[in-house]
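Engineer: One-letter residues, chain by chain:
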Amino acid sequence: MEVAPGEVYGLLGPNGAGKSTLVKQVIGLLKPDSGRITLGSFDLVEDPDAARQLCSYLPQAQMPIDSFKAREAIDIAGMIRGGPAAEVKRRREEMIEALEIGEWRDVLGARLSGGVKRLVGFAMVTVWPGRVIILDEPTNDVDPLRRRRLWEQIRRMGSEGAAVLLVTHNVMEAEKSVDRLAIINEGKLIAEGTPSSLKADDRGRLRLQLMLHPGNSTPELAPLVRDHVRVGNNLVTVIDEDAAGAGIVWAQDLLARGVIEEYALGATTLEDVYVRLTGHKSESER
Amino acid sequence: MTVPIPMIGVLPAKRTGPSHWWHGFIAMLRWEITNMRLLLPLTVVVQVLFGAGFVLGIGLFFEDIPSRAALFLSTGATTITLIMVGLVMGPQLVAQQKLEGTYDYMWSLPVPRSAATTAWITLNMIFAIPGMVVALLVASWRYGVDLEISFAIVPAVLLTLLTATLLGYALAHAVTKPEVTLLLTQVLIFGIVGFSPINYPQDNLPGWLAELHEYLPFLPMATVVRGGLTQGLVSNVVQSYVVLSAWGLIALGLVAGSLGRRR
Numbered sequence: 095m096e097v098a099p100g101e102v103y104g105l106l107g108p109n110g111a112g113k114s115t116l117v118k119q120v121i122g123l124l125k126p127d128s129g130r131i132t133l134g135s136f137d138l139v140e141d142p143d144a145a146r147q148l149c150s151y152l153p154q155a156q157m158p159i160d161s162f163k164a165r166e167a168i169d170i171a172g173m174i175r176g177g178p179a180a181e182v183k184r185r186r187e188e189m190i191e192a193l194e195i196g197e198w199r200d201v202l203g204a205r206l207s208g209g210v211k212r213l214v215g216f217a218m219v220t221v222w223p224g225r226v227i228i229l230d231e232p233t234n235d236v237d238p239l240r241r242r243r244l245w246e247q248i249r250r251m252g253s254e255g256a257a258v259l260l261v262t263h264n265v266m267e268a269e270k271s272v273d274r275l276a277i278i279n280e281g282k283l284i285a286e287g288t289p290s291s292l293k294a295d296d297r298g299r300l301r302l303q304l305m306l307h308p309g310n311s312t313p314e315l316a317p318l319v320r321d322h323v324r325v326g327n328n329l330v331t332v333i334d335e336d337a338a339g340a341g342i343v344w345a346q347d348l349l350a351r352g353v354i355e356e357y358a359l360g361a362t363t364l365e366d367v368y369v370r371l372t373g374h375k376s377e378s379e380r
Numbered sequence: 074m075t076v077p078i079p080m081i082g083v084l085p086a087k088r089t090g091p092s093h094w095w096h097g098f099i100a101m102l103r104w105e106i107t108n109m110r111l112l113l114p115l116t117v118v119v120q121v122l123f124g125a126g127f128v129l130g131i132g133l134f135f136e137d138i139p140s141r142a143a144l145f146l147s148t149g150a151t152t153i154t155l156i157m158v159g160l161v162m163g164p165q166l167v168a169q170q171k172l173e174g175t176y177d178y179m180w181s182l183p184v185p186r187s188a189a190t191t192a193w194i195t196l197n198m199i200f201a202i203p204g205m206v207v208a209l210l211v212a213s214w215r216y217g218v219d220l221e222i223s224f225a226i227v228p229a230v231l232l233t234l235l236t237a238t239l240l241g242y243a244l245a246h247a248v249t250k251p252e253v254t255l256l257l258t259q260v261l262i263f264g265i266v267g268f269s270p271i272n273y274p275q276d277n278l279p280g281w282l283a284e285l286h287e288y289l290p291f292l293p294m295a296t297v298v299r300g301g302l303t304q305g306l307v308s309n310v311v312q313s314y315v316v317l318s319a320w321g322l323i324a325l326g327l328v329a330g331s332l333g334r335r336r
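Quick note, the sequences are listed as chains A and B, same order.
Going left to right, the first sequence walks through residues 95 to 380 as the working numbering numbers them.
Going left to right, the second sequence walks through residues 74 to 336 as the working numbering numbers them.
Hint data in this document are derived by calculation from the structure and do not stem from the laboratory.
Note that the Cβ used here is the ideal one computed from N, Cα and C, for glycine as well.
Watch out, some of these pointers could steer you wrong.
Stated by the list, open to error - Beyond 10 angstroms from chain B on every Cβ pair, some chain A residues (computed):
(1) G176
(2) E197
(3) W198
(4) R199
(5) A204
(6) N234
(7) G281
(8) I284
(9) T312
(10) R320
(11) V325
(12) N328
(13) L348
(14) Y357
Stated by the list, open to error - Taking CB as the label site, the calculated pair distances span:
(15) A98/A to L172/B: 36 to 42 angstroms
(16) I262/B to A204/A: 25 to 31 angstroms
(17) Q169/B to G281/A: 26 to 32 angstroms
(18) P85/B to R324/A: 50 to 56 angstroms
(19) S128/A to S308/B: 54 to 60 angstroms
(20) D137/A to T249/B: 24 to 30 angstroms
(21) L322/B to T288/A: 52 to 58 angstroms
(22) A98/A to I262/B: 53 to 59 angstroms
This is chain A alone, in the form it adopts within the complex (with noise of 0.2 angstroms):
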């Protein structure tokens, strides 16, 4: 795996798959059994001191700051990883203006939402980067108008030379926002490539989505069906753009025999790829 400076990479896969123990492991808490890690000349799993300095890292935790006013706590992390104090407050207001938190500015971490102390974590992280930054789920319990702010700040860093690398099991918003990513399963790597590549096998393809009714098991599929996947009463299936016709037939047809609840036809998503890889539905679809 490699990513380049300026590169927003993902890694996705669901709960468990081994997304924060990579991430652990660059940043030095965790030690791998094999393998190499290397930053520039730096080789990490001998050198964790230099991860540290070189990395920062938002856990997937909240982070420890309910004794902390929200600026306090940018502050102090800036100052930590280094940045003279001037220059430290001057970030922090970009950063606080940057993610619409400033009503919070004065306001103990204890008496935060979870979203909202998120962002400052996610400020605290950033407001004296290091060269990688690692994002854990930052956009979790974070309010949909937010997330948007915070996703503009992740592109930034990316376009201002940081290498991010962001573990998320949400698939949708992944693909909006990264340039290249991973897909990792049960600790293995099973796909990389940009959002696009991983998609080019269902080119010429539409994802047929089969809500059944809770219960029903899953009905006999028709020719034209090419693959298929259920998770849950959602029964997803890809067939070809020339079948949509005959497609909509046959699901009208299921409707009627009140096999299932309802249907959607559309273009196929990473979503899409990302549930055949892993047999796992993404947080987005849930």
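Based on these hints, arrange chain B on the given structure of chain A.
Structural biologist: Showing chain B alone in chain A's frame:
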């Protein structure tokens, strides 16, 4: 017009050396002080109550406390407040961090781990002092004991606190599972309060346990503190310093070993 984000771009040289260490130490002191400020007043109150309560509570065992026992109790309770802060409260705080999942962030920060550890130990030691002083004051007020405090109390308290804190730190970081750390601290409280010759003379214990305590750090801690607070109550002060220093070095080794450790 946004200003470019500093620090992104070129790969810098790794920071090392005394100024990097000192900067990390100061930054972590600031972090820890801010982190503790909500809990700090409560923590100090609990320690003060613990010290005072312990002195007064044990006194209830006696209808009329003999003066030698009163002296043992007063100096013992003082020692116990020091041990508790280092060996029990410290590891409990770390275990709490691990349970909350905040430990990973703290250990991913770009400061030398020895600087972060030193900051934590320094504060832990400072916060132990109020409880100790109050325990001593309550004891002399309640039992009217005649303390003869000498300068030897300074190294005695420092070495006792440092060793207890280092042992606690090693216990918290070397034991991976926080649940186990919490359990061990409970066992320690029980063992130290009930079965260590801190509040009573060593002769009161069965022979084998009295013998064992020659090699454990708790009796030497009590002895050196008594040596600083009284005259003639204890005799083997020098030997106690030797044993305690050895424990201090062992604990330091354990802590140093746990610093670079990755799971």
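Engineer: Each hint needs a verdict: does it hold in this structure or not?
Structural biologist: Do the hints match the structure? See the list:
1. Some Cβ of chain B comes within 10 angstroms of the Cβ of G176/A; the nearest lies about 7 angstroms off, and the non-interface call is violated.
2. Under the 10 angstroms C-beta cut-off, the non-interface status given to E197/A relative to chain B holds; the minimum distance is some 21 angstroms.
3. Look at W198/A: its CB is around 17 angstroms from the nearest CB on chain B, clear of 10 angstroms, so calling it non-interface holds up.
4. Non-interface call for R199/A relative to chain B: holds, since the shortest CB-CB distance, roughly 16 angstroms, exceeds 10 angstroms.
5. A204/A, annotated as away from the interface, has a beta carbon of chain B within 10 angstroms; the closest lies near 7 angstroms.
6. For N234/A, the condition that its CB be more than 10 angstroms from all CB atoms of chain B holds, with the nearest at approximately 13 angstroms.
7. No Cβ of chain B comes within 10 angstroms of the Cβ of G281/A; the nearest lies about 16 angstroms off, and the non-interface call holds.
8. For I284/A, the shortest C-beta to C-beta distance to chain B comes to about 26 angstroms, beyond the 10 angstroms cut-off, and the non-interface label holds.
9. With a minimum CB-CB distance of about 39 angstroms to chain B, T312/A clears the 10 angstroms threshold, and the non-interface call stands.
10. No Cβ of chain B approaches the Cβ of R320/A within 10 angstroms, the least distance being about 43 angstroms, so the stated non-interface status holds.
11. Against chain B, the non-interface label of V325/A holds: every CB pair exceeds 10 angstroms, the least being about 28 angstroms.
12. Listed as outside the interface, N328/A is consistent with that label: its C-beta sits roughly 32 angstroms from the nearest C-beta of chain B, beyond the 10 angstroms cut-off.
13. Look at L348/A: its CB is around 45 angstroms from the nearest CB on chain B, clear of 10 angstroms, so calling it non-interface holds up.
14. Remark: the non-interface label on Y357/A is consistent with the geometry, its nearest Cβ contact in chain B lying 41 angstroms away (cut-off 10 angstroms).
15. Judged by the Cβ atoms, the range 36 to 42 angstroms given for A98/A and L172/B holds: they are separated by roughly 38 angstroms.
16. Between I262/B and A204/A the beta carbons are some 28 angstroms apart, a value that agrees with the proposed interval 25 to 31 angstroms.
17. Q169/B and G281/A have their C-beta atoms about 30 angstroms apart, which keeps the hinted 26 to 32 angstroms range intact.
18. Judged by the Cβ atoms, the range 50 to 56 angstroms given for P85/B and R324/A holds: they are separated by roughly 51 angstroms.
19. Here the CB-CB span from S128/A to S308/B is close to 58 angstroms, well matched to the stated 54 to 60 angstroms.
20. In this structure, D137/A and T249/B meet the distance hint of 24 to 30 angstroms, their C-beta atoms being roughly 25 angstroms apart.
21. One distance hint, 52 to 58 angstroms for the beta-carbon pair L322/B and T288/A, holds here, with the actual separation near 57 angstroms.
22. Distance hint check for A98/A and I262/B: the Cβ-Cβ separation is about 54 angstroms, which falls inside the suggested range of 53 to 59 angstroms.
Of the numbered hints listed earlier, those contradicted by the structure are 1, 5.
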